[in-house]
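Trainee: With the sequences and hints as input, model every part of the structure.
Chains as they are written, first to last, in our numbering: chain A, 1 to 674; chain B, 675 to 1158; chain C, 1159 to 1474; chain D, 1475 to 1694.
Hints listed in this document are in silico derivations from the structure and should not be mistaken for laboratory results. Incorrect hints may have been included.
[Stated by the list, open to error] Subject to a maximum C-alpha distance of 30 Å in a straight line, what follows is the list of computed BS3-like cross-link-like pairs (lysine-lysine):
| id | chain 1 | residue 1 | chain 2 | residue 2 |
| --- | --- | --- | --- | --- |
| 1 | C | 1427 | C | 1444 |
| 2 | C | 1213 | C | 1195 |
| 3 | B | 772 | D | 1692 |
| 4 | B | 876 | A | 673 |
| 5 | B | 858 | A | 673 |
| 6 | B | 974 | D | 1679 |
| 7 | D | 1679 | B | 772 |
| 8 | B | 1116 | B | 1044 |
| 9 | D | 1559 | B | 858 |
| 10 | C | 1209 | A | 561 |
| 11 | D | 1679 | D | 1692 |
| 12 | B | 772 | B | 974 |
| 13 | D | 1559 | B | 772 |
| 14 | D | 1692 | B | 974 |
| 15 | D | 1679 | D | 1559 |
| 16 | D | 1679 | D | 1624 |
| 17 | C | 1213 | A | 561 |
[As the list claims (entries may be wrong)] Okay, the calculated bits of chain A under chain C, using three or more residues with CB under 8 Å as the criterion:
| id | stretch |
| --- | --- |
| 18 | 397-407 |
| 19 | 462-476 |
| 20 | 571-584 |
Ideal Cβ positions, reconstructed from N, Cα and C, are used throughout, including at glycine.
If you want the building blocks of each chain, they are given just below.
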Amino acid sequence: MTPFLHPATWVHLDWVLVVVVAWLLIGLLGVLALRRFRFVAIVLFPIGAFFSLLLLGVSLSAVFSAPETAILPLGLPQLPFHLRLDSLSAFFLLLIGGVSAGVSTFAAGYFRQGEGTPPGLICLEYHVFLASIALVVMADDAYLFMVVWETMALSSFFLVMANHRIPEIRNAGYLYMLVAHIGALGILLCFGLLQANTGDYTFANMRQQHLTPFWGSVAFVLAIFGFGAKAGLLPLHAWLPEAHPAAPSPFSALMSGVMLKIALYGILRVSFDLLQEHIWWWGVLLMGVGLATALFGVVFSTVQVEMKRLLAYSSIENIGLICAGFGLSLLFLAYGMKALSALALTAAMYHMLAHAFFKSLLFCSTGAVMHATGERSLGKLGGLMRYMPWVAWPTLIGVLACAGLPPFGGFIAEWLLLQSFLFTTGLPSSFLDMLVPVMAALIALIAALSGYTMVKYFGVIFLGQPREENLAHAHDAGPWERMGMMWLVVGCVVLGLFPNQIIALIDPATQLLAGAGLAHTLADSGWLLVPVSVERASYAPAIFLLGVLASIGLAFLLVRKLYHGRMRRVPPWDCGYPWQTARMQDTAEGFGQPIRQIFEPFFRMQRQLPSAFDAQPSYKVTVEDPLWYWLYLPIARLVERVSRIVGLLQQGRIAVYLMYSFITLIVVLLAVKR
Amino acid sequence: MNPLLFVLGVPLLGGVVLALTGHRGYARDVNVGFSLLTFLASCVLTAQVINNGPQLLWHDQFYIDPLNVFLVTLTAFVSLTTAIFSRPYMRIEQDHGKMTPPRMRLYHSMYQLFSFTMLLGFTTNNLGIIWVAMEAATLTTVLLVSVYRTTASLEAAWKYFILCGVGIAQALFGTILLYMAAEKVLGPEHATLLWTNLNDIKGQLDPTIITLAFVFLLIGYGTKIGMVPLHSWLPDAHAEGPTPVSAVLSGLLLNVAMYAVLRCKVLTDGALESNMAGQLMMGFGLLSVTVAAFFLSRQKDVKRMFSYSSIEHMGMITFAFGMGGPVANFAGLLHMTVHSLVKSAIFFTVGHATQKAGTQVMSEIRGLIKVNPNVGWGLMLSVMAILGMPPFGVFASEFLILTTAMRQQPWAAPFLFLGLGIAFASILVRVLPMVFGDTTLKPLAHPPALIPVFVHLALALVLGLFIPPYLNGWYVQAASMLGG
Amino acid sequence: MSWLGAFSQLLALVMALVMAPLLTGWVNQWRARLQNKSAPGLLQPYRMLHKLFNKESVMAERASALYRTAPYIIFSCMLLACAIIPTLSTDLPLSPAADAIALVGLFALARVFISLAAMDVGTAFGTLGARREMLVGFLAEPALLMVLFCASMITRSTSLTAIVETLAHRELAIYPSFLLAGVAFTMVSLAENARVPVDNPDTHLELTMIHESMILEYSARHLALLEWAASLKLFAYSCAGLAIFFPWGVAEANSPLALLLALPVLMVKLAIGGFLLALVETLSAKMRIFRVPEFLGTAFLLAVLGLLVNVLLGVG
Amino acid sequence: MIAKFAPQLINLFATLILLLSFAMISQRRIVTLINLFMIQGAALVAASFLLGYVTHQPDLYVSGALTLVLKVIFIPWMLHRVIRKLNVRWDVETLLNVPTTMLVGIGLVILAFSLALPVSRLSDALAGGSLGIALACILLSFMMMITRSKAVPQVIGFLSMENGLIFAATAVTSGMPMIVEFGIALDVLVGVLILGVFMFQICEKFDTLDIHNLEALKED
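Mentor: Set out below in structure tokens:
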């Protein structure tokens, strides 16, 4: 193992530590320049972005290098901070660096004066957040992991609360923090099991322990509970659609793009790496939960009427898909089918990368839109493509990627996932054999629905006529914002066009977790993405894109050459109906209406229909998450009831208090009497 | 000349002096001065113990070992910071007309005497004297709690007196039984209550008597620890007294009682082959954690709420020591330390907040962060610390306790989970609107003394990230001495 | 890749471009006949395309660049789809670039763009059409995918050419799953190609139209491209169906004679298919828009059932 | 010759103390209550003197003297003064009616004896058997504190509990170490003083010593 920060052996890990320290320093600078807004925005955030790039570079080479470890002289006496940079951590560092580079650049242009928390403080919280997630993926002992994990939660909590004047935001922050902490407790107990009473909390030791199936399963379930709470798996997703809209947009981008992935990292680390023996039903459980979450998320995102909520639910959907991939991979692993397991895992991790980029891109664009218009409700937007093209076109890329359309990253991920589902045969249990195709069908349905959502998102915001007058003078994004979004767009495109190169980055991690990888099959297949063999399946996004572009160009040229390009601009025809207003377009509610009808049982709806005699007839429909009423509120009520009963203990009468002591004495005496 | 003389003498002297001059204007500073001297003396004492190891003093009547020396230092330190804090605080109380000069005199002298009794309880080697010190501590604090002379404070003091008096009486009976057991081993003429001697012969003590004795001692001192269901006095006493008093009550007095129980537990474990003591403590600990959590979820008065949180944390500590074993004992000691630091810090900030708002009702305290960001962030951070958020020290101890419990006592884990979860939810939901949002408060005449708050928080932070080797040395020795 | 491969690829493309309008014309003619109307000529679609290309384009003033590029994108998507479906030969150099899943992806891409374009002008009908199109799509896509999966589970491959090869050249075997899959495929292709009972290709009756209401604002060359793309889509679907369910006669690598033979075979198959389509359209009545999800849901379930039957019988 | 009867005498005193506790439980008038308490103290003193004489331990004389001064002379005098000042003569209703109290008390005695039996069997002190009685006294006075609804009887119950403790200390272990004895005595003294002050304050706030007024602080 390498001595910590020893110049002679200066390795990737040291570079990462440099980045972490740099981020912390930037944060401190931010506090020192508490109210110097320009300085913070134009100087500090870009510097942070630069270090993100550095992190990206380091992790690109770290992916392929052997694991490096270090021990920091901090932490509990028997338990100093252990750090370990293996290919899995490197992959996630890559994700963090790549996304945060774009988002920090965007943030440089985003933050405005006078929004609740002073900018310097936001800068601190933001960079502490980045530093803590970078450390989470490198932590190699339970204590450091929990410390940085909770630091992440804490800093993100304060960032969510940035605009704490608004009560809704306070409630959102509260809910977020609560769920996060409950989850953290679960993780804590999970680690308590894994260390198997050795008192040694290093992951290295945990890998040695062989738990009994029962305790192993308990640990697994605890891990799913704990990390699932952070990732927004059903039924612990409730905080997500509240917290994402509450946070400032760049940070919602980080939360959705990066933080959720970190939670998934936890699942990977515990269930694949730390738990050595796997049991088949773990996989099924994870798959089931994942798909349920995904379906739930996508169905709800189609009916949202608020930009960020829509995106938040779509994040829930993507997380669900990724978890389904994990589950499948775990299932294969439990049966020792390494290659298939690696395929599913690759698909899931690819989806992680893709989602990280396109979702943070979309959140950034909502941020730009909100700044330009001051509106967060879809119902009041529309036609912005004309006024803010610098936001619209990147968003279009993000939307296509999010809808899982070729030739972008989202499609490749779903393609791989479907491949891994499709070639599942010869599982020992016929029941599972039957299960897997159904799951595949579900995934296909979910993917198609997300297309629906994205069309709604883009169409209602950027296309059509402006639904409000003031939208006419919406200003376009500033240079920093443009740069940041462009970076993310590049990410989406690269992910879409060069799958083999990306998978080569994922491969070491799958080697580590599943003991197999796709790299060898890809090595000789050039431009083709060939998971198993050319006869089985293949896909070449680059050629695909070339084909499309070529035929577009050809068609255009031919049309122009053989015919002409004359054109005349007139008011739209619309079946000859001249008196159109912007209000005649579909509203967001209208666009979601068919889904509301088809998936009725999912929702908890209140409709307010106008009667025939209304002076001003009004139609109102609110869609709520039924889990509030089935799970959260009942629990709250239960606690309330119990505490009311407990409260009766304390009725202020001293004789009664004496009685308690007396009875306690008698009872204990009788108990110990032999 | 042993520093212990000063550690005990200075506060005693201070009590006498302030009893005469406590009503004067400069008395506040004198108070701080005496506490400072005590603290310095205790530091010297600590240094000696670090260098020369445990020491028996004055006919073996006093015994300083790793277990109590850092508690002594902690006590001296917190009473110093509290004294600093109470300078402006009590001044404002006087301006508000809640305190009159004679009351100030009572307050100051009792403050010193109180710290004297606590230090005595820690340092003495004689279990009888521990009892006497505990009773004396009760008496002094009763006077401190009732210092406002309001009906509420009077009621709180009365309950405090009666319940703790009765409890302490049980403890005395336990002590007598202990003495009886010792007499059986050593014979009437060499019979002793000196802990060191008892510790030497603990193997031969008669199990039946010791069992009985421990029950009475646990119930007795447990009343002062505030173990559910013996806790009834605690919220009233903490809520109605002056805030500095609440700070020391929560931060220090509970530790003294816990310390006494620990000393007795060591003897009991030595005498019995069964783990009766441990099981009893675990049971009471879990009960305290869970019940206190449910109490927390229905509080309206801020000081009352945090006193319930003290009950909860004491429950955690009791549970940890009940589990025993090096890790759990270490965690328990660490938790004692950080809890007194953080909890007193909380009470400092809460004190300022209540003074600003003129009420202790939480729904009327809003937007501290607007009025005074330091108070706001101080409260926010210290609450996060007490809720077990890293990188503060409370998290370190809770981490160790929970992880150990999960393997050694899995049945207990759900209760801890429940308790911690509910406590988190209920405290946070109350504190957030107090700190954030738009404000209803007005700034104060005298600037609040916030140094103590941030000093405490800094220490708690350090303990979470890096425990100095010598402190760690104490913890390890103390933990091993607690055995289990 | 061999020259013959390149040739057959080119041939497939050209033939698609040429024959797609012809197929449309054929279907329309037969439908007219069956409905006792005077039938248009077989070449009517060509005339229409030519006329439209000649016209001056009339563009809504609010229309953005997206609106103008959409027709080209959709057209080329359909073209690419036709390029990777083995119509005449299974020796297609392009086909490794996109397999069955990518094919569905292509259709989805086209659908998303046409819907966006429809929303761009911001008319009531446009958004209405877009919504309905997506409604149809989100059920039709997975159904189609499942149908293709039925085949690929049997042939252990998702690459279309591989599927067709294996199906065409293994000794005749009856796959019960194909019965379910076939029905599902028919229903899906009816919906996807805007046919009765889901949609009516030649109505402008506002309340019922789906596809038409989206291209309402288009004119001239853009409209021409869209119409052409529509017939390409019909062509692609029919060819895919034929290739999977009746794969005989499709030529394979380096066998020029088979290639020559393949063309007439395909003609015949398409002719029959077109007639059947017209027949179905005539016999069935347009359904209410909210029956459509049930219709397509049924298709989806049938396809999944097909998959399960495959698993049950342990084929592949 | 006393030495010969010493054990019986000690047990006699013990029984007397127990009897007095029962009397206190059943007693309603405050003045009588105080007198009973005084007698109990006297019995305690006598017991400790006797033990001191038999076992030749001067410590016991001292502790006996302390008890005499505190429990027999000072405290009763002070209590009398308090009730004269605050003219509270009657303590009519107890929370639990007397017969029930007696029954419960008997149950407590049985419990105490059964607890103390194994201990006192292996006790070699002169009056090891009186441990049970001491414990019984403690529990009884505990119950008395629970059942009485006015301040003064509660305090008396508290003090008689102390009596039980002292008796245990004297009879069972022939006296605690001197320093502890003094400490205890000091605490009791101060405690009683403070209690006295409180009673005055309570009276001036609520103009009665009824503790039912002290039920404001609670979980509402």
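Trainee: What hint numbers does the structure not satisfy?
Mentor: 9
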